Amino acid sequence: MNSITEYITFNTKSRFELINITIDVEKILNRSGIKEGLCLINSMHISSSIFINDDEEGLHHDFHEWLEKLAPHEPIKKYRHNDTGEENADAHLKRQIMGREVVVAVTKSKLDFGPWEQIFYGEFDGNRKKRVLVKIIGE
Amino acid sequence: MNSITEYITFNTKSRFELINITIDVEKILNRSGIKEGLCLINSMHISSSIFINDDEEGLHHDFHEWLEKLAPHEPIKKYRHNDTGEENADAHLKRQIMGREVVVAVTKSKLDFGPWEQIFYGEFDGNRKKRVLVKIIGE
Amino acid sequence: MNSITEYITFNTKSRFELINITIDVEKILNRSGIKEGLCLINSMHISSSIFINDDEEGLHHDFHEWLEKLAPHEPIKKYRHNDTGEENADAHLKRQIMGREVVVAVTKSKLDFGPWEQIFYGEFDGNRKKRVLVKIIGE
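Protein chains in written order, with this note's numbering: chain D, 597 to 735; chain R, 597 to 735; chain F, 597 to 735.
It should be emphasised that the hints constitute simulated quantities derived from the structure, not laboratory data.
All figures in this text were calculated on a predicted structure; none of them were measured in a lab.
Hints may contain errors.
The list treats identical chains as one, so a pair stands whether inside a single copy or across any two.
[To be verified] Quick list of in silico lysine-lysine cross-link-like pairs, PhoX-like style, CA-CA up to 25 angstroms: (1) K609 with K725; (2) K623 with K704; (3) K631 with K704; (4) K623 with K725; (5) K665 with K704; (6) K725 with K706; (7) K704 with K725; (8) K673 with K704; (9) K609 with K623.
With these hints in hand, go ahead and build the complete structure from the sequences.
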């Protein structure tokens, strides 16, 4: 069994941001030389997500509006987590809807994707340096 | 390390449909000869889900009603994604709640399940040919 | 390839309960001797979750309140699943938001976590003996 572990880092610029990291993951896969296996991609933060969906601007607007409705940022005082001095309780909830991680099949040295699958980092509490873990195991 | 990769295909007949694919996955596992490992099952589409829950008709009705409330199909014009000519923005949202994939342990040549776990394909934007990826790695 | 499979069992005391099982998973990893691999942790029940988030009491209160709003327990008769004699339809829905499983990277013999990641069992229909599966594959 072979494995590779790498970390993608970036600074997010706003509270809500969806960043397409598919190419970054593909580069790591190419470096690994792994032909058949499983690729885990997860956020290392608890107020952001990794998820797979469409790279379409209108949809990303819809995600923002929808998540804000299901887990509103305001009023900040409605959340007990924010009594600790934080104001990101909503981001911890949003991340549960969108998910922490994805696991993608590696087949014939490629991410084994349907035609529209793209990997996104979803930021819900931005303005800091963030890290994504990519680990591939296989042969 | 050993691996098997197969694709389950079917046509969905209505916009909302939950299809039990547990037996299909078990057949692939039997063909693989893998005794200990991990089995990934994911939708290859971005408006449908793979998830594990109960095979109970009343519950499936509840899922339908609940998802429609959290991410309503109508009014279609409320979603910016639908400005592209699509009318499935709600399906992209529903899929995030229900999830893209499951990873199941393979132990002693079986899917290592609790008594009620069953694997479902959840269709939220139907009437087309759909594909599910099953990849098992192990020994 | 090496693997270990273990089951964590416990009794939950109330309908809603979040139990930090990170140390239990770390002990299993230490017993396995696996240095590089993937660790699957899943609930074996269909009305509870495994998820990764913050071990902060205020946030756990917020999760409870939020899930109760998105998938209310009452009125019990509003769910068709409860016509079967159950009264836990809401728990099956809550589990979909919070997720069935997590997959964690194992790097240099450790769970490869960001600073705040902790693994929780989320109970939404308690008062019974419950089981969590931990499977690690790697080398």
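Each hint, compared with the structure:
no.	hint	in the structure
1	K609 with K725	within (9 angstroms within a copy, 40 angstroms between copies)
2	K623 with K704	both (15 angstroms within a copy, 22 angstroms between copies)
3	K631 with K704	both (5 angstroms within a copy, 23 angstroms between copies)
4	K623 with K725	within (21 angstroms within a copy, 31 angstroms between copies)
5	K665 with K704	neither (41 angstroms within a copy, 41 angstroms between copies)
6	K725 with K706	between (29 angstroms within a copy, 23 angstroms between copies)
7	K704 with K725	between (34 angstroms within a copy, 24 angstroms between copies)
8	K673 with K704	neither (51 angstroms within a copy, 41 angstroms between copies)
9	K609 with K623	within (24 angstroms within a copy, 39 angstroms between copies)
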